[in-house]
Structure formats: structure tokens, C-alpha cells
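Participant: If you want the building blocks of each chain, they are given just below.
Number of protein chains: 2
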Amino acid sequence: MTEIKDKSVETFLDELASRQATPGGGSAAAVMGAQGAALVSMVCNLTIGKPKYAEVEADLRVLLAEAEDLRAVLVGMIKADVDVFGKLMACYALPKANDEEKAHRSAQIQTVLREATEVPLACAKACAKAMALSRVAAEKGNLGVISDAGVAVMAAYAGLKSAALNVAINAAGLKDREFAEAKLAELQALMQNADSEAEEIYRIVKAKL
Amino acid sequence: MTEIKDKSVETFLDELASRQATPGGGSAAAVMGAQGAALVSMVCNLTIGKPKYAEVEADLRVLLAEAEDLRAVLVGMIKADVDVFGKLMACYALPKANDEEKAHRSAQIQTVLREATEVPLACAKACAKAMALSRVAAEKGNLGVISDAGVAVMAAYAGLKSAALNVAINAAGLKDREFAEAKLAELQALMQNADSEAEEIYRIVKAKL
Numbered sequence: 001m002t003e004i005k006d007k008s009v010e011t012f013l014d015e016l017a018s019r020q021a022t023p024g025g026g027s028a029a030a031v032m033g034a035q036g037a038a039l040v041s042m043v044c045n046l047t048i049g050k051p052k053y054a055e056v057e058a059d060l061r062v063l064l065a066e067a068e069d070l071r072a073v074l075v076g077m078i079k080a081d082v083d084v085f086g087k088l089m090a091c092y093a094l095p096k097a098n099d100e101e102k103a104h105r106s107a108q109i110q111t112v113l114r115e116a117t118e119v120p121l122a123c124a125k126a127c128a129k130a131m132a133l134s135r136v137a138a139e140k141g142n143l144g145v146i147s148d149a150g151v152a153v154m155a156a157y158a159g160l161k162s163a164a165l166n167v168a169i170n171a172a173g174l175k176d177r178e179f180a181e182a183k184l185a186e187l188q189a190l191m192q193n194a195d196s197e198a199e200e201i202y203r204i205v206k207a208k209l
Numbered sequence: 001m002t003e004i005k006d007k008s009v010e011t012f013l014d015e016l017a018s019r020q021a022t023p024g025g026g027s028a029a030a031v032m033g034a035q036g037a038a039l040v041s042m043v044c045n046l047t048i049g050k051p052k053y054a055e056v057e058a059d060l061r062v063l064l065a066e067a068e069d070l071r072a073v074l075v076g077m078i079k080a081d082v083d084v085f086g087k088l089m090a091c092y093a094l095p096k097a098n099d100e101e102k103a104h105r106s107a108q109i110q111t112v113l114r115e116a117t118e119v120p121l122a123c124a125k126a127c128a129k130a131m132a133l134s135r136v137a138a139e140k141g142n143l144g145v146i147s148d149a150g151v152a153v154m155a156a157y158a159g160l161k162s163a164a165l166n167v168a169i170n171a172a173g174l175k176d177r178e179f180a181e182a183k184l185a186e187l188q189a190l191m192q193n194a195d196s197e198a199e200e201i202y203r204i205v206k207a208k209l
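Chains as they are written, first to last, in this note's numbering: chain A, 1 to 209; chain B, 1 to 209.
Worth flagging that the hints you see were computed from the coordinates, not collected in a lab.
This one's a predicted model, so the numbers in the text were calculated from it and none came from an experiment.
Among these hints, one or two may not hold up.
A pair holds if it fits inside one copy or across any two, identical chains being indistinguishable in the list.
As the list claims (entries may be wrong) - Here are the simulated DSS-like pairs of lysine-lysine, each with C-alpha atoms no more than 27 Å apart in a straight line:
no., residue 1, residue 2
1, K208, K87
2, K7, K50
3, K5, K79
4, K175, K96
5, K175, K87
6, K87, K125
For reference, chain A alone in the conformation it holds in the complex (with noise of 0.2 Å):
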């Protein structure tokens, strides 16, 4: 099967409108966050090599080099929720005939939902760090591509908040409250400040327009 990074970006939004269970808000959290790294990395790339910039070149070309890591790390989540997501619907499927097979399938589940907690945190963890770094690139960038770094930083955080939906969900259904709670709390670590950054980033850059 065709990966949704390898399709159009028409079909991807034809799959996502449709009435199949994926993709869905996950991998879409997961390429609005890649939208972000790609313009953190396109604020980086219409900055290096412009002797107006040399004295933040190095800080951009640092800046570049983590940005496109990133940028691989949520073009993969996008797979990685649609292919837990299967896996879920999969457990969800299994026979509940009797009580061996009840609980057969709710131990699948809860394998499952771990994962399934899991991909969404990495992805709003992923959003996150895109974050931090937009406002590298609205600090440090070329002032004439600096609205490109207020793009990057609204895609981030629309990802980071989008995942943590995610995160959310999965957890509720969790029996293992530990490992759920303990997720929780990482989100809540990630989610914490984050419509103050997103807000005084986006500031940053309407400053400098």
C-alpha cells in the first residue's frame, strides 16, 4: 500500500475527508507539525550564505541540521498513527464469543492502547521541539522570509494540541492508570505553557513585519 507521504497532497486530503477510519487528526497533527520543521528549515536556507546574516549563520546552520531531523522524525509519525491505529481496530475485531476469548481481546487492546497513547506523545513531543525551534527562526531569521516562521510556529502548535487529543483518548482507555496517568503527565509537561510560547513567538515575528 501507497505510504501517505508518497501520495498527493489532493488524496491525502481526499482520505482524510473521506469516511475511512484513516488517516485521520492523527496523521494529520503529524504533517502539520512537518510543515512546521519545513519552515523553520526554509527560514534557515533564505538566511545562511547572506552577509547581512553571517553573524547567526552558524546558529541557523545548527538550527537546520535539527529542524530537518525533525522534520524526517514527523513525516514517519504519520505512518506510525495510521499504522497503530490498524492495530487497534484489529484487536477491536477479535472474536468475544466466550470469556477466554474476551479476555484475549482485552489484553490485546491494552497492548495496544500503550501504543497507541505512546505515537500521539512522540508526536506532541515532536510538535513541541518544532516549536522551541520557530522561534529560533523568528529571532535569528531573514527578516524577509520572518512571516515564515510565524506559519511554522501556528502549524506547530496547531500539531502539538491536536496530538495531545490523541493522547488523551488512548489514555482514558487505559486499565494500566499508572502508565496512563504517567503519560498524562508528560503531556501536561508539554501542553503547560503552550499557548503563551505559541502566542509570544507569533508576537515576535508580527513585530518584525
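Could you slot chain B onto chain A? The hints should help.
Facilitator: Frame of chain A, contents of chain B only:
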């Protein structure tokens, strides 16, 4: 030349990240808005026909039609942004060796800057519309996919905030201040309650998880 919508998601991201001037934040904004509209459609498609949701089915059929129309508009805007940016770059490249050339170049830039203000403003309006549609999806959609309504609002909101930056940049370059101020006033009206509106729709979803 292949339109962005017909390129793979990964190629789109590669080009976004590259030192090419387009696609940039304007196209990313349109893609985010289109993701928002697509996810509203997904919620509708996974609600319509379910006996449990028979009461809202008529409303969601209307919502689906609106979301699909809007998605088509937003997909068109991916290209519109690239096209107007290309036109603007062509104007800046016009010769300016003498006063006549300078006057011609300046007039051409001003003409295209009007369009370059209106294109992202139209994108901002479409994203604001996508936010409004996501509220209906959040309020009436199938609880099993309600998180997708939350992703929809965040995608549309990020698209709106992103497009707004491009309106602001291009309006700033306009000599016709009456036109510029009128466009900025339209933008201001769209942005007025956007932050609280996004937060509220997101909360509606979170409360249902």
C-alpha cells in the same frame, strides 16, 4: 509545471523546506485550512447514516456539503499563493535604470501587491469559515471521532493566523492606504475573536473525550 496539490506530501514538505521562495507560508496556510475542512468532512462522513445520530443527520449533510465546497476553495488557494508570489517577484525583477522604468516598475508592484493582499485575505476568510464549520462538527458529530473536530479547529485556526501574517506584510507595502486599511479592517474583523473561538471549540471537544 506540476501543481503542488498534485505533488506528494513529502515533495510538498521538501519544497516548503527548500531555499525556493515558493511554496512558503501562504501555501502552508491553505493546506492547513484544507486539512481543517477535510476533517470536518470526515466527522460528517462518519456520523451520517448512523441510527444513533439520525437527529443531526440532516444538519451534518448540509455541513458536509459546505466543508467540501470550502476544501475545494482552499486547495485552489495553495496555487493562488504561489502564482501571486511569482507575479510579485517578476515585478521586483523589472528594470529600474531610469525614472520611466522606475515608475513603471513601481506601478506594477502596486497592482500586484493589491492582489497579494487579497489572496491571503481570502485564505484567512476561508479558514475562519472552516473554524465555524468545525464548531458544528464538535457540537453534533459522532463522539467516536469527535477528536477529529478538535484537530479540524486547530488546523483551521493555524491557517487563519498564518494567512493573516501575509495580509499584514503585503498591505504594509501598499501606497493606496485607503485600500490597505479597508483590507486590514476586514482582517481585523476575522481575527477579533479567533483566539477565544478556537479555544472554545477545542474545549467543547475535550469535554466530550
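Participant: Provide an ascending list of the numbers of those earlier hints which the structure does not satisfy.
Facilitator: Of the numbered hints given earlier, the structure breaks just one, which is hint 2.
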